[in-house]
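A.B. asks: Please build the complete structure, drawing on both the sequences and the hints.
Protein chains: 2
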Amino acid sequence: MREVRQISLPVKDLPDRWYNIIPDLPEPLPAAEGDMTAMGKAIIKECLNQEFSAQNWVEIPDELHGAYQQIGRPRPLFRAVNLERRLDTSAELYYKAEGLFSPTGSHKINTAIAQAYYAKQQGLGRLVTETGAGQWGTALSCAARIMGLKATVYWVRAVYKWKEARRDFMKLYGADVFASPSENTETGRKLVRQDSEHPGSLAIAISEGLEDALSDDRAAYVLGSVLNHVLLHQTIIGLECRKQLELVDRYPDVVVSCLGGGSNFGGIALPFLGDAVKQGRKTRFVAAQSQAAPNLQGEYRYDNADYSGITPRLKMYTLGHQKEMPPIFGDGIRYHGCSPILSLLRNRGYIDTVAYPTDEKYVFDCAKLFLSEEGFLPAPESAYSIAAAIDEANACSEAGESRTILFNVSGHGFMDMEGYRQVLQI
Amino acid sequence: MREVRQISLPVKDLPDRWYNIIPDLPEPLPAAEGDMTAMGKAIIKECLNQEFSAQNWVEIPDELHGAYQQIGRPRPLFRAVNLERRLDTSAELYYKAEGLFSPTGSHKINTAIAQAYYAKQQGLGRLVTETGAGQWGTALSCAARIMGLKATVYWVRAVYKWKEARRDFMKLYGADVFASPSENTETGRKLVRQDSEHPGSLAIAISEGLEDALSDDRAAYVLGSVLNHVLLHQTIIGLECRKQLELVDRYPDVVVSCLGGGSNFGGIALPFLGDAVKQGRKTRFVAAQSQAAPNLQGEYRYDNADYSGITPRLKMYTLGHQKEMPPIFGDGIRYHGCSPILSLLRNRGYIDTVAYPTDEKYVFDCAKLFLSEEGFLPAPESAYSIAAAIDEANACSEAGESRTILFNVSGHGFMDMEGYRQVLQI
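Order-wise, the sequence lines are chains A and B.
Quick note on numbering: the working numbering labels position 307 of the first sequence as 307, and the sequence is numbered without any gaps.
Quick note on numbering: the working numbering labels position 174 of the second sequence as 174, and the sequence is numbered without any gaps.
There could be a bad hint or two in this list.
Identical copies look the same in the list; a pair holds intra-copy or inter-copy alike.
[What the hints assert, rightly or not] Distance condition first, Cα-Cα at most 30 Å in a straight line; then the derived DSSO-like pairs of lysine-lysine:
no.	residue 1	residue 2
1	K243	K315
2	K361	K171
3	K150	K361
4	K278	K163
Hints in this document: simulated from the structure, not taken from any laboratory.
C.D. replies: Okay, here's the thing in structure tokens:
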């Protein structure tokens, strides 16, 4: 008998619209506070419209639909048959291969390509952004290139210096990549004058990017997480999963993903969270986090999205925008605040969370187990998704129940072997 | 209007048998010469049967069909719309994403998983192999792990030492990886005694692997290219492509792939070569090679598959089994001889060849162009496929014709940025 291990979606069933949960939220999304001038000017106009859209569904334009095909969408949903056997679990485990089938190695390309498309429509010539771990900078470099735009990436110097392969990858896409602080901006020059080898920070890189974009009428500043329009674009993940699970007559009892700012968690979960809110479905949503940055265990209040306080204040779960967070290999989930949409749903009890120890031993062990059984190498961030999915499967077995668990492997680890080496002492 | 950029094949249409061209060849395949005892004893029995099979079609067992799904098969076929536009070509370009959607980064997993399956059926406990560039060693490590077998990899020390990420990757799959020459075998110990830092060679690694496998009744020695059964397993590539092209009502006028021993070229080309031989179809087949190892421009004669002359002699195109070949980044196509099946077809005029300069500037430039337009990062070996596909597209435009060009991107380059950096001086 042949087992189903992969559920493919025909290209003709690639979703042609994104899901916007805002009108379905149990209460209105609190407005941002503070000065919007800089951000309002720097962001792509159509993205700003989408940020406050009251429509439930937003059409994916035809050209972008083609670009989604080009970057490997729809991506397969796998049933982790071997992992189920190894865990001897009563649960069914399904994972979405977002990073493994992405040209840049993560789900970030889903919104990068959309933003680049709208920037081109607007007649812009250049996109500017910051990057920390580098996944977002790579995705933006790729998307800009595909849409015929220039890209400028300000990359925290401390990371820029050692991630040589990823840096070359961005440059190969034609991006201008600068160690931040740089000589390009007022903010950067001041800091470089104090210390020519200043290690930088995400906050400084954001300041530099904004300053750069605002000084050029043909440039926009683009963001890779937290904001509503970013999560909107990422719902393509969950919309595909819903169709794929329907093909095998399943609906998730549990949805799991790692969470930093919220783009990959929101991407897979929002379509199902919409069902939970509107139809009262009892799906369990688990955000996998690190004790280095357990933002969903923080306070629900207004806070800045960046360290320096340049951006408007958003109502969100936060650890405080100047919180010091210990370094981890899963750097993509090391962020002080969570997307306002997900924060509201967390506050209303729809989202549960688990935070794993900062030594990362447990999550890398889980990633290794996944690799051993399923063959694919996950990114450190995705190791958190996998750990939480395994914990949920074990809980399901203990309860003697049969549950359908859906989880997101949002990145591959081909450029992150250093984490495996150090944590697992290979 | 929406363009077709990706042709997906539903899982239910994943081929359930491989194509064996041997009975269709225009003349009988010349028998191997020399002592077969060691190889006959060391190779998996079912693979040995397949090596000499007279059946046109070989069933893929159900469990292996499931494993093929698990490793991401069927893989998508992409139409390179952006690249076509950039080249302003009258040709249609279709590329198969073999490496980009593979857990180990290349097409090698297609035969690794099949061989591991048969080894398990035979009751074996361990697979032994050699590796040069490392793609084959990684695939074998993954396949063995998935099938619950141990893997031992002898890796040419000169490469083992610097490809740290790939080495960790194999070890993470649970493989025992040894720098060759090693202390494990008589052959190895002799050489290590002379020079404890002996750089090794593929030939030495083969000798070590064979010695190791022959000393253990529960072990087999497995090969990743050249032999008939390896090419048989790889025909899954071309069989999928045929179905995918049928979905858009196309048949290839030109089939292109890079060629070293012949496994990825054979994989994509053999089903169409069968049509050329049986039905006289006028498809053009182009093997992309390096001037470092233009084996298809060598002599068609009996020669050994290894440096030391341990293996039987095969009738093939060869540069001589002790030919010195300059190092290139596309190390996977740096081999002195070509598969006997493909050699026979070359000798009968079915296969054309092009060899690119050893500085690799042109092929890396083509890979960069491909990345810029299509988004995906190819392995250095696949850069040769891309270069030849681009050349064919330009020739087609010059002839003012409309041709369907099919090419294979057999590996991704996430672990090969060093080649891009050095050749393109990023």
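A.B. asks: Now, for every hint given, state plainly whether the structure supports it.
C.D. replies: Evaluation of the provided hints:
no. : hint        : in the structure
1   : K243 / K315 : neither (33 Å within a copy, 52 Å between copies)
2   : K361 / K171 : between (33 Å within a copy, 17 Å between copies)
3   : K150 / K361 : between (40 Å within a copy, 24 Å between copies)
4   : K278 / K163 : neither (44 Å within a copy, 52 Å between copies)
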